[in-house]
Structure formats: structure tokens, C-alpha cells
Amino acid sequence: MRGHLAGRLLQVIPTILVVSILVFALQQLMPGDPAVVLAGEERGDPVVLAQIRAELWLDRSLPVQYLHWIGGVLRGDLGFSWRIRQPIVELVLTKLPVTLQLAGMAFVIAMCIGVPAGILSATYRNRPLDYIANLIGLAGLSTPNFWLGIMLILLVSVQLGWLPPSGYVPLAEDWRQSLATTIMPAFVLGNAIAAILMRHTRSAMLTALDQDYVRTARAKGLRERTVVLRHAFRNALVPVVTLGALELGTLLSGAVLTEQVFSIPGFGKLVVDAVFNRDYPVVQGVVLVTAGLFILLNLLADVLYVVINPRLRTA
Amino acid sequence: MSETRSPARLALARFRARPAAVIGFVVIALLVLMAVAAPLVSPYDPIATSWTAIRKAPSWQHPMGTDENGRDVLSRVVFGARASLLAGVVSVLIAAGIGVPVGLLAGFAGGWVDGVIGRVVDAMLACPFLILAIALAAFLGPALTNAMIAIGVTAAPVFVRVARGATMDAATNDYVEAARATGNPPWRVALRHVLPNIVPPILVQATLAIAAAIIAEASLSFLGLGQQPPAPSWGSMLNSAQRFLTQAPWLAVFPGAAIFLAVLAFNLVGDGLRDALDPRRR
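Chains as they are written, first to last, in the working numbering: chain A, 1 to 315; chain B, 1001 to 1282.
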């Protein structure tokens, strides 16, 4: 098991390296000269332009620029935002908790809907309940996040007036208000993951229900409930947890639009605002950080897989 | 008689036995027809503004109402199908065009070639899909063409994975071994003997990817990075609808329902194809 994990850790290094090169390469796609953008009013002055280029190392060769940039990243320096004139690390650290709260709530909601639905669907395989659950799941997968958000605002906030349509209150400030502002976006975000989790749970449960130990448990005369939940589900949980951890990455992507719809000042709003302000270093920083988080989650999923699967523990 | 039926025919028969998949197929056919015949089908000009018909609720005259510039929503939804379907198909063609040859190469060549391609694919898959697509679209500049390129490039790694896996699967077949042994050059073995075998999984992946690409295009257009106004697109219609949610809710309902319908149809067909083409899954 140690060997397996060590191997995975070693595999992560080249992946991170390639991610960093890709993110760096994004800069080369950028239209126009960054020095001209940064110079603003003084863009006609060659002295100012040369000064900015020297400051940002833009006058060096690409490999040197890359090494300079990645050296900064390794020391925890993602560079400066062109618009807000703030270190990108600071921006990321203030916005990330908001998105993590949203993603965490979404994940809990998705688990609470997806896993029981998957169990039911597998237990009643090829019966009406299974078909209905599958259809609802497919509908969930086919609904664009932002449209579901807009429709919910229309129904819950505009028509019924139950929840605020937008805005965000930090958890530390007032937890009730915080939940009231995030429950709807979290549901929107969790909806698609719920459908994916349902599919994973269903197929894992079908595999588990087909095993000999389930037949033995049934033959012993155990109640069907006990067989399904204690015997089959505990084994089906392994792939579900692993695949579930991977879906957290999808949540980060989905958060971009959900935050936009509900005007929540998180990570997604940061990247969208940066795109429109042509604040490219921020876009780069966000892509790099989310990719790093995703790789970390992948690794975590692998570790979880070993930890919760007793069969792999002794190997 | 069943022995004389080709695998493709058998798959078609299995596909037809699934009502959900057939319904999905019919919906797609109708949407394509609507997009192609948009000028004939739509009752009004989709970009003609009218100051006397601003934000009118749905009526017999305007079944889906009118928008903030007095444009007929139904006509815009009909023409919007063009942007969505085009983006769905073109970005998947880009993704498969990059992904399939690269995956075929990785699976067939193996060794360090496979290793290098594998790391690049891992790295691209590590970046959350939409964030990478947004970043690419932003760096390329807002336009429908750039959105399609951004989505296509971002979706390519999945095709590399599917093509690579299927290639490695197919390469273990005896007839591939035989083709190699009889002295066929590697490219010939890859194209003539392996490629036809990897078509079914690619087809399934492509159908599901069109569904994802339609959502991605709508998302980029919603953010203002796709189809530019006044040309209609379902995503950008939702963007402007957000500003009039209390006064004109119909502006948000219809374009979103159109996206939902198109994506659901492609997902249904993709699921049906997967079950029809892979007999093991039955």
C-alpha cells in the first residue's frame, strides 16, 4: 500500500509540471503587449515600456520567464493583479473560503440526494422506480446550472419571497444569514453532482448485490433491508466515495456560473471579473490554484480508496 | 437469420428497442430541422427591434413574448438553435479531431510517447473544464468561433483517453497480431485494423460530449464570451433575461428550456448508443 501511494505521489510531480507549463503558455495567447496594457496613459513612452518589461522580466527569453514565474509560484507568489494592484495570493485566499463553503454544502446536498436514490434505483432494478430515478437523474445532468439558479430565484425569491435572491453573508458573521444566502446556490451546484453520484451508487450497488456474500446473507434469512444496507452498501461505498471526491473538482467549475447568478463574491466571481477586466495574471493564478486543488483531491481520493478498502490495507 | 446480421445492424436494433433513445433522436432531428429552416419557421426577424413591443408577455401574436428591445423571443429561440447546435457539433469535431489521432498514437506506440501524452492529458484534465474553457476563450477574445475552439481544445483530452483505451483493447485482437505478422506497416495496421474498432466508443463519447459542449457554449455566451449581440444565442438571451427577472420572467424560461431540451436529447441518445454498442452492458 505504501508503495502504491508513493508511486502515485511520484506521478503527480510531472503532472503538476505540465500544468504549470500550460498555464504559463496561456499568457502567450494573450492579445496585445502586456507592457502596453500596464503602461496605461504612458503607453507612448518607450522608456516607461522598457521599464515595465524589465520589471516583469518580459525582455528575457521564454524559458527564463518561465523559471522566474515558477520560482515565484513555489515561494507562494502568484504575482500581482493588474487591476486591483493586490497580490494574487491574497485575492485567492480571501475568495477561496466562500467557494469552499458553497462547494462543501453542495457536496453534502448531492450525497444526501444521490446516494439514497442510487441505492433505491439498484434495489428496484428495471422496475418503474428505477426508471423514474434514472430519468430524474438524466434531467438533472441536462439542466444548465445557471438556468436552474435563475428559475429557483424566480420561484423561491421573487414569487414566494422565502430566500434572498442574491448576496452573501460570511459564516463567521451570522451563520443563519449565511445559510440563507448559500442554501439555494448550494442546491443548484449540488444538483448535477447528485445525478452523477446516483449513477455511481447504482452501478456499484448492482455489482455488490451480485456477489456471493449477498447471496449468503440472504440465504441466512436476514431481512432484505439488512442485506442491502449492511452487506451490499458497505462494499458499494468504496467506489462511491472515491468517485465522489473527484466530483469536487466539477463543483469548482460549476461554482463559476452559480456565483455569477447569485452574485456571491467567491472564486468564480474572481475569475469572471478578471476575464472582463483583462486582468490576465489573476486568470492564470485561478487556473493554477484550481488545478492544484484538483490534483490534491485526486490524490486524496486515492488515499481514501486504500483507507476505506480493508482488502488493500495489508497489501 | 440472426447470424447474417452485421454488428451495426444488431446495434441499431438494440437502439430502436429503447424508447427514450428514439425520442431523443427525434428531438435532435426536429431541432436540426428547425435550425436549418430557421428563416422559414420563425414568425419574425430575430434581430428586428420594435419600440412598440417592449417586454410584452406571451400572447397569440408573440407565443414566447418579446424582449427588452421588442424582439420576438420565439424567433430568437429558433435562430438560437443555430449557435447552440453549431457550437456543439463543431467543438466536438475539434475535440475528436485532436483527441482521436493522439489517442490512437499513444495507445499504438506505447512507451515514452504514451508517457508524454499521458502526462499532458492528466495536466489538462486537472484543470476544471469550464474554468479552462473560460480562460482560453478570454485569452482568445469573445466570439462564437473562439468559444468553439476553447471548448474543443478543452474537451480533447477525454477523447485522447477514450481512443487510447480502445486502441489498446483492440490491439490485443488476434487479427491485429496477424496483420502485423504479415508485414503490414504500423500506420496501416493502425488505420485499417485498429481504427474501425475504436469507432463505437468514440461515437458514444462524441454524442455525450455534444451535450456537454452545448451547455459549455451556453455558459460562455451567458458570461458574454460566446455569440456576440445582437445575434441570438440561448446563453446570451439568459444573460439579458437576468436583468428583468421580476418584470419579464418569460425571457428566462424559454431559452433555458431550449438548452435543457437539446442537452437532454443528446444525453438520451448517448446513453442509448452506449447500451446498444456495448453488448456487455446489457
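Hints listed in this document are in silico derivations from the structure and should not be mistaken for laboratory results.
Idealized CB from N, CA, C, for every residue including glycine.
Errors might be hidden in some of the hints.
Quick list of simulated restraints, FRET-style, between CB atoms [said to hold, decoys possible]:
(1) A:Arg125 <-> B:Val1026: 25 to 31 Å
(2) B:Asn1197 <-> A:Pro164: 30 to 36 Å
(3) B:Val1026 <-> A:Asp130: 47 to 53 Å
(4) B:Leu1030 <-> A:Ile183: 58 to 64 Å
Sample of chain B residues at the chain A side, in silico, Cβ under 8 Å [to be verified]:
(5) Arg1119
(6) Ala1126
(7) Leu1238
(8) Ser1240
(9) Ala1248
In silico lysine to any residue, SDA-like type, Cα no more than 25 Å apart, as pairs [stated by the list, open to error]:
(10) B:Lys1056 <-> A:Leu160
(11) A:Lys95 <-> A:Pro116
(12) B:Lys1056 <-> A:Ser81
(13) A:Lys95 <-> A:Thr226
(14) B:Lys1056 <-> A:Val73
(15) B:Lys1056 <-> A:Arg83
(16) A:Lys95 <-> A:Ile84
(17) A:Lys95 <-> B:Ala1257
(18) B:Lys1056 <-> B:Val1199
(19) B:Lys1056 <-> A:Ser157
(20) A:Lys95 <-> A:Arg83
(21) B:Lys1056 <-> A:Leu152
(22) B:Lys1056 <-> A:Ile84
(23) A:Lys95 <-> A:Val73
(24) B:Lys1056 <-> B:Gln1242
(25) B:Lys1056 <-> A:Lys95
(26) A:Lys95 <-> A:Asn235
Here is how each hint holds up against the structure:
no. : hint                               : result
1   : A:Arg125 <-> B:Val1026: 25 to 31 Å : holds (27 Å)
2   : B:Asn1197 <-> A:Pro164: 30 to 36 Å : violated (55 Å)
3   : B:Val1026 <-> A:Asp130: 47 to 53 Å : violated (24 Å)
4   : B:Leu1030 <-> A:Ile183: 58 to 64 Å : violated (38 Å)
5   : Arg1119                            : holds (5 Å)
6   : Ala1126                            : holds (5 Å)
7   : Leu1238                            : holds (6 Å)
8   : Ser1240                            : violated (12 Å)
9   : Ala1248                            : violated (11 Å)
10  : B:Lys1056 <-> A:Leu160             : holds (23 Å)
11  : A:Lys95 <-> A:Pro116               : violated (33 Å)
12  : B:Lys1056 <-> A:Ser81              : violated (44 Å)
13  : A:Lys95 <-> A:Thr226               : violated (45 Å)
14  : B:Lys1056 <-> A:Val73              : violated (54 Å)
15  : B:Lys1056 <-> A:Arg83              : violated (40 Å)
16  : A:Lys95 <-> A:Ile84                : holds (14 Å)
17  : A:Lys95 <-> B:Ala1257              : violated (32 Å)
18  : B:Lys1056 <-> B:Val1199            : violated (49 Å)
19  : B:Lys1056 <-> A:Ser157             : holds (22 Å)
20  : A:Lys95 <-> A:Arg83                : holds (16 Å)
21  : B:Lys1056 <-> A:Leu152             : holds (22 Å)
22  : B:Lys1056 <-> A:Ile84              : violated (41 Å)
23  : A:Lys95 <-> A:Val73                : holds (18 Å)
24  : B:Lys1056 <-> B:Gln1242            : holds (16 Å)
25  : B:Lys1056 <-> A:Lys95              : violated (40 Å)
26  : A:Lys95 <-> A:Asn235               : violated (38 Å)
The structure shown violates the earlier hints numbered 2, 3, 4, 8, 9, 11, 12, 13, 14, 15, 17, 18, 22, 25 and 26.
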